[in-house]
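There are 2 protein chains.
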Amino acid sequence: MKNILLFILFSLAINLFAEDGSRLWLRYELLSEQISENYKQIISTVCPITYSETTKIITREFLSAFEDMTGKRLNLSKKRTGNCLVFLIDKKIEKGYSIQTQKDNKSGISILIAAADDINLLYGTFHLLRLMQMQGNISDLNIVEKPAYDRRILNHWDNIDGTIERGYAGRSLWNWEDLPEKSDPRYTEYARANASIGINGTVLNNVNANPKFISREYLIKTAEIANIFRKWGIRVYLSVNFSSPSELGGLPTSDPLNKEVRRWWKEKAKEIYSFIPDFGGFLVKANSEGLPGPQDFGRTHVDGANLLAEALEPYGGIVMWRAFVYDAKSTDRAKQAYDEFMPLDGRFHKNVIIQVKNGPIDFQPREPLHPLFGAMQKTPLMIEFQITQEYLGFSKQLAYLAPLYVECLQSDTYAKGKGSVTAKCTDGTLFPQTITAIAGVANTGNDSNWTGHHFAQANWYCFGRLAWNHELTSEHIADEWLRMTFSNETAFIEPVKRMMAESREAVVNYMMPLGLAHLFAWEHHYGPEPWLNIPDARPDWMPSYYHKADAIGLGFDRTHAGSNAVSQYFPPLSTIYDQIETCPENLLLWFHHVPWNYRMQNGNTLWENLCRKYQDGVEAAREFQKIWDKTAFFIDKERFEHVQSKLKVQTRDAIWWRDACLLYFQTFSRQPIPYEQERPVHTLEELNVSKF
Amino acid sequence: MKNILLFILFSLAINLFAEDGSRLWLRYELLSEQISENYKQIISTVCPITYSETTKIITREFLSAFEDMTGKRLNLSKKRTGNCLVFLIDKKIEKGYSIQTQKDNKSGISILIAAADDINLLYGTFHLLRLMQMQGNISDLNIVEKPAYDRRILNHWDNIDGTIERGYAGRSLWNWEDLPEKSDPRYTEYARANASIGINGTVLNNVNANPKFISREYLIKTAEIANIFRKWGIRVYLSVNFSSPSELGGLPTSDPLNKEVRRWWKEKAKEIYSFIPDFGGFLVKANSEGLPGPQDFGRTHVDGANLLAEALEPYGGIVMWRAFVYDAKSTDRAKQAYDEFMPLDGRFHKNVIIQVKNGPIDFQPREPLHPLFGAMQKTPLMIEFQITQEYLGFSKQLAYLAPLYVECLQSDTYAKGKGSVTAKCTDGTLFPQTITAIAGVANTGNDSNWTGHHFAQANWYCFGRLAWNHELTSEHIADEWLRMTFSNETAFIEPVKRMMAESREAVVNYMMPLGLAHLFAWEHHYGPEPWLNIPDARPDWMPSYYHKADAIGLGFDRTHAGSNAVSQYFPPLSTIYDQIETCPENLLLWFHHVPWNYRMQNGNTLWENLCRKYQDGVEAAREFQKIWDKTAFFIDKERFEHVQSKLKVQTRDAIWWRDACLLYFQTFSRQPIPYEQERPVHTLEELNVSKF
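So the sequence lines, in the order shown, correspond to chains A and B.
All residue numbers for the first sequence refer to the numbering used here, where the first residue is 1 and numbers rise by one.
All residue numbers for the second sequence refer to the numbering used here, where the first residue is 1 and numbers rise by one.
By construction, these hints were calculated from the structure, which means they are not laboratory data.
Check the hints yourself; a few may be wrong.
Cross-link-like lysine to aspartate or glutamate pairs, in silico, DMTMM-like; alpha carbons within 25 Å at most [as the list claims (entries may be wrong)]:
hint	chain 1	residue 1	chain 2	residue 2
1	B	LYS626	A	GLU686
2	A	LYS396	B	GLU685
3	B	LYS637	A	ASP178
4	A	LYS212	A	GLU177
5	A	LYS630	B	ASP616
6	A	LYS630	B	GLU686
7	B	LYS626	A	GLU676
8	B	LYS396	A	GLU685
9	A	LYS212	A	ASP178
10	B	LYS626	A	GLU678
11	A	LYS626	B	GLU608
12	B	LYS637	A	GLU686
13	B	LYS630	A	GLU608
14	A	LYS91	A	ASP278
15	A	LYS626	B	GLU676
16	B	LYS637	A	ASP479
17	B	LYS626	A	GLU685
18	A	LYS626	B	ASP117
19	B	LYS637	A	ASP550
20	B	LYS626	A	GLU608
21	B	LYS630	A	GLU177
22	A	LYS637	B	GLU685
23	B	LYS630	A	ASP104
24	B	LYS630	A	GLU676
25	B	LYS630	A	GLU678
26	A	LYS92	A	ASP104
27	A	LYS630	B	ASP117
28	B	LYS630	A	GLU619
29	A	LYS396	B	GLU678
30	A	LYS626	B	GLU685
31	A	LYS396	B	GLU686
32	B	LYS626	A	ASP616
33	B	LYS92	B	ASP117
34	A	LYS630	B	ASP540
35	A	LYS637	B	ASP117
36	B	LYS637	A	GLU678
37	A	LYS497	B	GLU678
38	B	LYS335	B	GLU623
39	A	LYS626	B	GLU678
40	A	LYS630	B	GLU619
In this text, all values refer to a predicted model and were calculated from it rather than measured experimentally.
Same shape as in the complex, but just chain A:
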């Protein structure tokens, strides 16, 4: 009887914490007795500083986390004694924070977190807590951390009606209906999660911007969010519609050189700052995919960006002007941003930064680096990554994106000779940048686990970590995230880390290996539709524009004999890409139209390698399932089963991709899929009609 009662109580206790992923990587699980004894010896008291909302947050976060992890409620002390955690404001520290262990013969060990302001102290606190979550040694710390980019920003493509463009984790977190009267507790949770990884800016609304977002009505709502975010160090930004003066302000034009328009923007900026004194600035998608922009009035991107920049300048705001432009008439979409923006280099106002997607097309599973990086040397550039998996399997598939981000950050542009990696071209190292920034298109929504797929949390996490320190390795970040989010067990960590490390390449392989791009379905960007052909639609929205499959071969000729996009890169990259022999094979079909029987480095033909890559992708997905199924012992049933179920879908859809692409390309190659390889299980006829 007693046992039964205990069992019931135990069951109830378990149910109190539904393992729905809502706690992200901030779980603060109870540590082993040995570890927690050690921590309790090192820290027995906290000496807080208390001058702001943020410093209160720091104390609360640390005390609560420490108690969760060790079971011990720490004492607060105003006087610094031994075994004390001490916070110090040190204005000499220009950026970031330091964490030092200080040994004093009299008072014993202290841990000192120092920074120039409360926000950086908060970052240092989260750093220390992360070490403890990972069961690290905190008895001998000598940490100095500086952020790589000053502005580490999430872009939310959230619409005013609560939907999210390319969102796969529910509806928008921002509840505009209820604001400003009622604000969701999740605004705080969101800010806390971001602060824990150093993110300090949020563009609340979609780049396809509704002008209403800068109306007085919505500024009042936004101010409420900004008030909550502020104490977590997060500044609010807004996407603006270039036609706002006419659409919102009722002016007859939005021409950037028009006086009334200029005045309207200045007044709008003044109004914004009256509600949100630390407002970050504007993000602008102009003259892109049907959005209005300065070119509608015969003006340039410079005219447009500077108009807004001048309006924001008095208040310290910036303009993030997107370089994502392409034109239906262009012969090669990959070239257009460079062609349009290079002539404007040096002409932008000093508080303008150009936001450039990592690759020249659009967040494909693999692209070469964008040629503007390193090229626009007189204008600040910022990288835009996509965290939401628009082209990498939505929240249905596990694709850990740190390898993609690192690949871009560490790609050599050769702008100033060897070693001029993208990271250094954008963080102020190689070129004087008045602003440094980095953006990631958020994958959050109101799903209880925030990101739809539990492993998609890792992409939010790794974006933040890399924005802080672009020299971190993918593996290091995965290790941190896994330990905090799931378990410190090596038997869990090692195989799952391997799975994460291989996951993005797996997606590349079963979707678009060897430099293929944009074979996605018209409607959803999830499944394959390489055969898509809609008469009268924009050719650069058709997969055939990208793959160029024909009887001879496959791939887009961007060499000097083709579109010459290679010429947009610095030597020797331009030559490396131009020559089929030196072009990296993982970008081969991006730069070359390659004959089906072309012999690749392994001695097999293009067709054989293509088949093999697709099969490799499928087999990797199957391997992920095997790896994951063995983790059941280490983690909670709820998240185990959720991920298990997603991995099933991933394998199934990997097969869908493989079959669709191989069967379609086979109609051109007219060669069998190598007979030793697993055969398709779909037919083209059936795939042509199958819908997502």
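Add chain B to chain A, keeping to what the hints say.
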């Protein structure tokens, strides 16, 4: 220009013969020059006999086939000369035919086909043509062939409205609307195909019989079909509804002991024979699955069968009375036919034969033999096989059924000691049978390839061949069929024959290994629904009735401690099945409720073996795809692609089966699927709602 014209002509020529499978195994492809030279030397003239429609058919068939295969139009000669094909009526030959090569010093070689009647001469002719299609040596023939069963019958489950119960190849071949005025050329093609493999009877309509089929209106229609079939040696039979006297005749009852009822059936028989003088007889499904029968009037199967037998006797007709009976209240459906029929043994009229399905349940992928075989020793029994793949993947999956038929035919009943195989218990060898017969539920329909799947033609073919000679091996029959239907190339034959040989076991493995049965979906008998539970439905129509999965184990306890169905078999079979140690593992779960951790012969547990079998099935299906893809070189594109496409579906659905069954049974076993094994790609949640 000339080349283009030639090309056009060539293309047209190709299109004249669409490779749609309509020619079945009677293709008579042009042979190699060497072979055809040899045949032309051996046969230069045909000496026909001409006394019937059938003898005309023989001459036409041989001349046309010979010309197709060799390019040579043979001469006809009334006088027997050298190198002549001669036909001889020899009344001394009781059954079957002989084919002899006779060497005469004067006139050279002759080939002599001899038989007691024209129909057997036709069979001999098809035999010779088969040898030639297979490029056999015909210079030294000494063949004597006798059929194993006198009546070799197809059962068509065709309805009056043109639908086919369990038909997967289009609608019924019989066009009742147009008959008798217009008869379809396909009636002749159908009869010819059957004659070519020795089938000599056809039950035209569904055993779930509409009484209208024996109305005067429909007898006139049926007579037209019978007229066409007659010259090909095929007798027409009809399924009758036991309530016909009341439903069709308007009598107040259909009680078999009622005088009016008896008179009605006698007059009906007379009427039938006035239209169809060689009418074969009745097939009856009575007191089975809601169909009426003698038990409705408190009478027995004997009363019912004998009623009809007496009516047909004056005209030489027979009654095929089905033993497929089972009752919702029975504790074990597998036992009921035996329990109901054994007490009636010896009481049936001499022109009654009991038609018994191969296994005790219902055409499952694997069943033990039906216990009535060998047991009813004073009543003729006939085996009913199912050619249409109701439970073996419809016409979507490749499952060559000769191994299933042979397994049943060669199963030892031990009725008269060792070696009392089912075949010998039904062909008159062991028991005096006034009638010998065998039936197969047809898989034909009006699809251009007759059977939906090109390889399903092989099941029609092998049924006919085994009905003629039950000692043929599956492999031998596959070899014949492949050579005639596709190609004589060894590189084609060998792998495809292997695929066929393994195909039925593959289906067993991915659907219902180790003796499982009836896990099918309620509505379609195609996909898995092991979880099915419809409250208030007949329990013996629910999969759980058959698999009995629970926390302890899996399988139906039919041992002496359970339903004791084992006692219906002769010793030592009863003991072999009763003991878990001796029970064949491929029937283990048919006879035993086996604990999940029971160690099987290979040292692994039941659960592990179950998982492995399902995976083996999936891998076999994948292997079939690989084998088939390599055949493209040897055969026409049309059939290649058709089969290729079906094999894709088969692999996909094999995975569906594996996942559904393993995930469902896992909810009982509570054990992981062995980690080295490929993981499921479906979830139970999704499968529960997925529809066919």
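Verification of the supplied hints:
no.: 1; hint: B/LYS626 x A/GLU686; in the structure: holds, 20 Å
no.: 2; hint: A/LYS396 x B/GLU685; in the structure: holds, 16 Å
no.: 3; hint: B/LYS637 x A/ASP178; in the structure: violated, 64 Å
no.: 4; hint: A/LYS212 x A/GLU177; in the structure: holds, 14 Å
no.: 5; hint: A/LYS630 x B/ASP616; in the structure: holds, 22 Å
no.: 6; hint: A/LYS630 x B/GLU686; in the structure: holds, 22 Å
no.: 7; hint: B/LYS626 x A/GLU676; in the structure: holds, 7 Å
no.: 8; hint: B/LYS396 x A/GLU685; in the structure: holds, 16 Å
no.: 9; hint: A/LYS212 x A/ASP178; in the structure: holds, 16 Å
no.: 10; hint: B/LYS626 x A/GLU678; in the structure: holds, 7 Å
no.: 11; hint: A/LYS626 x B/GLU608; in the structure: holds, 16 Å
no.: 12; hint: B/LYS637 x A/GLU686; in the structure: holds, 19 Å
no.: 13; hint: B/LYS630 x A/GLU608; in the structure: holds, 16 Å
no.: 14; hint: A/LYS91 x A/ASP278; in the structure: holds, 21 Å
no.: 15; hint: A/LYS626 x B/GLU676; in the structure: holds, 7 Å
no.: 16; hint: B/LYS637 x A/ASP479; in the structure: violated, 53 Å
no.: 17; hint: B/LYS626 x A/GLU685; in the structure: holds, 20 Å
no.: 18; hint: A/LYS626 x B/ASP117; in the structure: violated, 67 Å
no.: 19; hint: B/LYS637 x A/ASP550; in the structure: holds, 22 Å
no.: 20; hint: B/LYS626 x A/GLU608; in the structure: holds, 16 Å
no.: 21; hint: B/LYS630 x A/GLU177; in the structure: violated, 63 Å
no.: 22; hint: A/LYS637 x B/GLU685; in the structure: holds, 16 Å
no.: 23; hint: B/LYS630 x A/ASP104; in the structure: violated, 79 Å
no.: 24; hint: B/LYS630 x A/GLU676; in the structure: holds, 10 Å
no.: 25; hint: B/LYS630 x A/GLU678; in the structure: holds, 12 Å
no.: 26; hint: A/LYS92 x A/ASP104; in the structure: holds, 23 Å
no.: 27; hint: A/LYS630 x B/ASP117; in the structure: violated, 71 Å
no.: 28; hint: B/LYS630 x A/GLU619; in the structure: holds, 22 Å
no.: 29; hint: A/LYS396 x B/GLU678; in the structure: holds, 20 Å
no.: 30; hint: A/LYS626 x B/GLU685; in the structure: holds, 20 Å
no.: 31; hint: A/LYS396 x B/GLU686; in the structure: holds, 14 Å
no.: 32; hint: B/LYS626 x A/ASP616; in the structure: holds, 17 Å
no.: 33; hint: B/LYS92 x B/ASP117; in the structure: holds, 10 Å
no.: 34; hint: A/LYS630 x B/ASP540; in the structure: violated, 38 Å
no.: 35; hint: A/LYS637 x B/ASP117; in the structure: violated, 75 Å
no.: 36; hint: B/LYS637 x A/GLU678; in the structure: holds, 21 Å
no.: 37; hint: A/LYS497 x B/GLU678; in the structure: holds, 20 Å
no.: 38; hint: B/LYS335 x B/GLU623; in the structure: violated, 38 Å
no.: 39; hint: A/LYS626 x B/GLU678; in the structure: holds, 7 Å
no.: 40; hint: A/LYS630 x B/GLU619; in the structure: holds, 22 Å
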